[in-house]
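Student: Below are the chains, spelled out letter by letter.
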Amino acid sequence: GAVVSQHPSRVICKSGTSVKIECRSLDFQATTMFWYRQFPKQSLMLMATSNEGSKATYEQGVEKDKFLINHASLTLSTLTVTSAHPEDSSFYICSVWDRDADTQYFGPGTRLTVL
Amino acid sequence: AQSVSQHNHHVILSEAASLELGCNYSYGGTVNLFWYVQYPGQHLQLLLKYFSGDPLVKGIKGFEAEFIKSKFSFNLRKPSVQWSDTAEYFCAVKRPTQGGKLIFGQGTELSVKP
Numbered sequence: 001g002a003v004v005s006q007h008p009s010r011v012i013c014k015s016g017t018s019v020k021i022e023c024r025s026l027d028f029q030a031t032t033m034f035w036y037r038q039f040p041k042q043s044l045m046l047m048a049t050s051n052e053g054s055k056a057t058y059e060q061g062v063e064k065d066k067f068l069i070n071h072a073s074l075t076l077s078t079l080t081v082t083s084a085h086p087e088d089s090s091f092y093i094c095s096v097w098d099r100d101a102d103t104q105y106f107g108p109g110t111r112l113t114v115l
Numbered sequence: 001a002q003s004v005s006q007h008n009h010h011v012i013l014s015e016a017a018s019l020e021l022g023c024n025y026s027y028g029g030t031v032n033l034f035w036y037v038q039y040p041g042q043h044l045q046l047l048l049k050y051f052s053g054d055p056l057v058k059g060i061k062g063f064e065a066e067f068i069k070s071k072f073s074f075n076l077r078k079p080s081v082q083w084s085d086t087a088e089y090f091c092a093v094k095r096p097t098q099g100g101k102l103i104f105g106q107g108t109e110l111s112v113k114p
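For the record, the sequence lines run as chains W and U. Residue numbers are given in this note's numbering: position 7 of the first sequence equals residue 7, and the series is strictly consecutive. Residue numbers are given in this note's numbering: position 67 of the second sequence equals residue 67, and the series is strictly consecutive.
No lab work stands behind these hints: they were computed from the structure. It is possible that some hints are incorrect.
Claimed, not checked - In silico DSS-like pairs for lysine-lysine, Cα to Cα no more than 25 Å straight-line:
id, chain 1, residue 1, chain 2, residue 2
1, W, 41, U, 49
2, U, 58, U, 71
3, W, 55, U, 101
4, W, 20, W, 55
5, W, 41, U, 101
6, U, 101, W, 20
7, W, 66, W, 14
8, W, 55, W, 66
9, U, 69, U, 101
10, U, 49, U, 101
11, U, 69, U, 49
12, W, 66, U, 101
13, U, 101, U, 71
14, W, 20, W, 66
15, W, 14, W, 64
16, U, 61, U, 113
17, U, 69, U, 58
18, U, 101, U, 58
19, U, 101, W, 64
20, U, 61, U, 49
21, W, 20, W, 64
22, U, 61, W, 41
23, U, 113, W, 41
24, U, 71, U, 49
What the hints assert, rightly or not - Ranges of calculated distance between the beta carbons of each label pair, as one might list FRET restraints:
id, chain 1, residue 1, chain 2, residue 2, range
25, U, 17, W, 13, 37 to 47 Å
26, W, 12, U, 39, 16 to 26 Å
27, W, 113, U, 42, 15 to 25 Å
28, W, 10, U, 14, 26 to 36 Å
29, W, 13, U, 77, 35 to 45 Å
30, U, 10, W, 1, 26 to 36 Å
Ideal placement from N, C-alpha and C gives every residue a C-beta, glycine not left out.
Same shape as in the complex, but just chain W (with noise of 0.2 Å):
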């Protein structure tokens, strides 16, 4: 399956400022890139639909002025947590999405912190 990378794994920031993630296809062209966000203990939730070349898509309930998603590239989508809070504190997740195969690959996550 495609190989998976975000960057940082790691992040700290205090409240009020951006945070950008970036979500990188290491051996795959992805036209389709999703972003999650995981809370500790619970399961996945889809926070939106990363289109290369065009606007994401949004799932219910998901501020798209306030977690900006750019997919510039068929290797690159960015996250960025505007303005963050520390309700924003949570481990987020991107993954690619193998049409062919049909099938998603995950990506190792992001733990945000938000003091």
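Assemble the complex: chain W is given as a structure, and chain U must be docked to it using the hints.
Tutor: Chain U only, in chain W's frame:
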């Protein structure tokens, strides 16, 4: 709304015990089904998937799952677990008409005692 339910939140087994983790979904149409595993500190890895055909699917590391359409279930099994199977297991469902979007169950934490 479509949902995926994993009955067991935390399962504790001894090595060599048999494993069965339950997964039920609520959608009545055609679905694709997946089991992912998340080892401590690692990313989610695909264990197995079912799209069509033989409802008994074999995956990696000795895992298998059975799709029972009448029960809307896709339970994960392994005849004999090892300590290294300690992980979080997620069932996920995808509707073919919704692109690649997955809906995940709550996850089941498996602890295997040596």
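Student: Which hint numbers doesn't this structure obey?
Tutor: Hint check: nothing fails, all pass.
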